[in-house]
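Participant: Chain by chain, the residues run as shown.
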Amino acid sequence: MLSLLLGIISKVPVIFTIVLGTIFVAIFFIFLVVFFIRYFQKLYHLKAEREKLEAQLANEVNNARNEIQQSTLNNISQEIHDNVGQLLSLTKMQLNLIEQELGNEHPLIKEAKNNISRAMSDLRDLAKGMSSERIQLLGLYESVVQEAVRINKIGKINVRVHSSGTKREPEIQKQLVLFRVIQECFQNIIKHANATEVAVAFIYSPDQFEISISDNGIGFDVQAKTLAGEGLGLMNIYSRVQLVGGVVTIESVLGEGTKIKLRTYM
Amino acid sequence: MFTRFLFEYILGYIDCIGLLTPLLVFLFLRKRIQMAGKHAAVLYFAIFFVLTILASYLSYNDLYNNWVYDTIPLFLIVPIYFFFSQIPNSNLGKKLNLFFLFLFILYYFFTWKIAIDIPLNTEYYLYFAIYILICTAGYLLQELKLMRDGLILSRIEFWMVASLLFYACVCALMWSFFGYLISAGSEDFLHYAYIWSLCHNLTLFISCSVFSWVLFRKFR
Chain U
1 MLSLLLGIIS KVPVIFTIVL GTIFVAIFFI FLVVFFIRYF QKLYHLKAER
51 EKLEAQLANE VNNARNEIQQ STLNNISQEI HDNVGQLLSL TKMQLNLIEQ
101 ELGNEHPLIK EAKNNISRAM SDLRDLAKGM SSERIQLLGL YESVVQEAVR
151 INKIGKINVR VHSSGTKREP EIQKQLVLFR VIQECFQNII KHANATEVAV
201 AFIYSPDQFE ISISDNGIGF DVQAKTLAGE GLGLMNIYSR VQLVGGVVTI
251 ESVLGEGTKI KLRTYM
Chain L
1 MFTRFLFEYI LGYIDCIGLL TPLLVFLFLR KRIQMAGKHA AVLYFAIFFV
51 LTILASYLSY NDLYNNWVYD TIPLFLIVPI YFFFSQIPNS NLGKKLNLFF
101 LFLFILYYFF TWKIAIDIPL NTEYYLYFAI YILICTAGYL LQELKLMRDG
151 LILSRIEFWM VASLLFYACV CALMWSFFGY LISAGSEDFL HYAYIWSLCH
201 NLTLFISCSV FSWVLFRKFR
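Just so you know, the protein sequences line up as chains U and L, in that order.
Residue numbers for the first sequence follow our numbering, so the first one is 1 and each next one is one higher.
Residue numbers for the second sequence follow our numbering, so the first one is 1 and each next one is one higher.
Any given hint could be a false lead.
Stretches of chain U that chain L covers, calculated by requiring three or more beta carbons in the stretch to come under 8 Å of a beta carbon on chain L [claimed, not checked]:
1) 15-21
2) 24-30
3) 36-44
Computed Cβ-Cβ distance ranges for the label pairs, DEER-style [unchecked claim]:
4) U:29 / L:105: 23 to 29 Å
5) L:29 / U:191: 57 to 63 Å
6) L:110 / U:33: 31 to 37 Å
7) U:30 / L:112: 32 to 38 Å
8) L:67 / U:32: 30 to 36 Å
9) L:144 / U:165: 50 to 56 Å
10) L:195 / U:49: 51 to 57 Å
11) L:105 / U:32: 26 to 32 Å
12) U:67 / L:217: 45 to 51 Å
13) U:32 / L:217: 22 to 28 Å
14) L:145 / U:242: 35 to 41 Å
15) U:22 / L:60: 32 to 38 Å
Within a straight-line C-alpha distance of at most 27 Å, the following computed BS3-like cross-link-like pairs (lysine-lysine) qualify [said to hold, decoys possible]:
16) U:47 / L:145
17) U:47 / L:218
18) U:52 / L:145
Treat the hints as calculated values from the structure; they're not laboratory data.
Glycine residues also receive a C-beta, built at the ideal position from the N, C-alpha and C atoms.
Assemble the whole structure, with the sequences as input and the hints as a guide.
Facilitator: This is the structure we're talking about:
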């Protein structure tokens with residue numbers, strides 16, 4: 001048996017082994033090329049999938065953060081209305097009783113009553129600004145108008161709100177996020193811009209709408225602020241608008257003012 | 001004079017230099033190197049180095065050394081089997097590796113008597129290369145299935161496989177062609193055997209030095 005096998009092996013022509021080897025190596029190289037193509041395709045898909053998951057996670061984190069913030073603001077608003085507001089009303093009533101007991105109008109009591117009325121009015125406005133109920137009831141445009149009225153009361157800045165196109169409101173979550181962004185913009189203008197005039201424009205078009213907030217303040221270097229990572233408020237604006245599928249553009253000229261455009265789809 | 005020196009001493013021993021390089025890298029960076037199948041890889045280079053030195057020594061003393069070259073694939077296939085069984089592979093792949101190892105050893109056992117009468121049994125190198133091709137295919141398929149983190153090119157075992165594959169494939173085709181020319185009656189080719197030997201040495205040097213360089217860069 002062994003000698004037979006040895007005989008067969010020794011008679012196998014060398015050319016046969018060469019052809020066999022060459023075919024084998026050629027097949028393997030084809031396999032190698034196919035492997036690398038498949039490998040990089042799979043890698044690309046995995047990378048895309050991972051990026052998608054990361055974006056989803058970031059969105060969920062942002063959503064949760066907004067929900068927590070909204071709930072906190074609602075709680076504070078409720079607290080102002082139910083507790084501080086009631087206490088101030090009670091104090092005002094007590095002052096009225098003192099005034100009745102004294103029988104004449106005391107100038108100090110009158111001033112205290114006026115101060116309490118102003119505090120109550122300011123707190124009511126503040127509570128309204130914090131609460132999401134107002135947006136749900138009035139819609140985004142009217143809520144911004146009311147916010148403008150509240151800021152105008154302070155007297156330092158004159159805020160004008162106007163719209164163009166057929167008025168339509170986006171879904172409630174979008175409205176809430178955009179309202180907070182507009183509030184953030186107002187806060188920035190009051191704190192840093194040193195502006196006297198602010199114009200808010202709502203521009204409606206069939207599939208999207210744009211909110212433009214421009215002021216005549218001192219302006220700032222947008223690129224430098226963004227690169228330095230200083231503007232936490234700016235980062236908030238970007239991330240929030242991104243959350244509702246929108247785009248933010250900020251144009252600012254030193255000494256001339258700033259224009260912020262929020263563009264989103266309906 | 002210089003050409004003779006270049007051929008006989010530099011290029012003639014370049015295979016030994018090539019095999020020594022990964023061994024030195026393994027020695028100097030032994031604590032840092034983390035690689036699947038590390039010991040099997042060291043064993044592969046060590047066995048190869050010792051056998052190559054032995055073949056060179058016999059050749060230098062004008063002694064018959066073809067039996068050394070005939071046994072190289074047999075001695076190398078064992079650490080190669082252990083290396084491929086330690087890097088990612090499916091259970092079926094591991095069983096196939098073992099089966100082909102068994103076949104290879106069996107083939108050696110049956111053909112050894114014929115082989116020692118032939119100047120160089122090139123078929124051993126061809127089947128050795130085919131064995132490496134089969135193992136590599138199993139490894140690559142498993143990598144494709146697992147899709148581990150990071151690029152495959154950043155894994156050191158991939159470079160070890162590439163080094164093995166490059167040497168085995170080039171040598172298998174080269175030696176087979178050489179064997180064919182002799183069997184076809186072109187005995188004159190035997191007089192130019194040093195050219196083939198040179199090509200072999202260069203192939204081995206390239207495969208070893210590329211692997212050593214990657215190993216050194218990754219773990220230095």
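Participant: The structure should be examined with respect to each hint, and the outcome stated for every one.
Facilitator: Each hint tested on the structure:
1. 15-21: n = 5 at 8 Å, threshold three: holds.
2. 24-30: holds (count 3)
3. 36-44: With 4 residues in contact (Cβ-Cβ under 8 Å with chain L), the coverage given for the segment 36-44 of chain U holds.
4. U:29 / L:105: 23 to 29 Å: For residue 29 (chain U) and residue 105 (chain L) the Cβ distance comes to about 27 Å; the hint holds.
5. L:29 / U:191: 57 to 63 Å: holds (58 Å)
6. L:110 / U:33: 31 to 37 Å: holds (36 Å)
7. U:30 / L:112: 32 to 38 Å: This hint holds: roughly 34 Å between Cβ atoms.
8. L:67 / U:32: 30 to 36 Å: holds (34 Å)
9. L:144 / U:165: 50 to 56 Å: Holds, at about 55 Å.
10. L:195 / U:49: 51 to 57 Å: holds (53 Å)
11. L:105 / U:32: 26 to 32 Å: holds (27 Å)
12. U:67 / L:217: 45 to 51 Å: Roughly 49 Å apart at Cβ, these two residues keep to the hinted range, so it holds.
13. U:32 / L:217: 22 to 28 Å: holds (23 Å)
14. L:145 / U:242: 35 to 41 Å: Between residue 145 (chain L) and residue 242 (chain U), where Cβ atoms are some 37 Å apart, the hint holds.
15. U:22 / L:60: 32 to 38 Å: holds (34 Å)
16. U:47 / L:145: holds (16 Å)
17. U:47 / L:218: The given pair, whose Cα atoms are some 24 Å apart, holds under the 27 Å limit.
18. U:52 / L:145: holds (22 Å)
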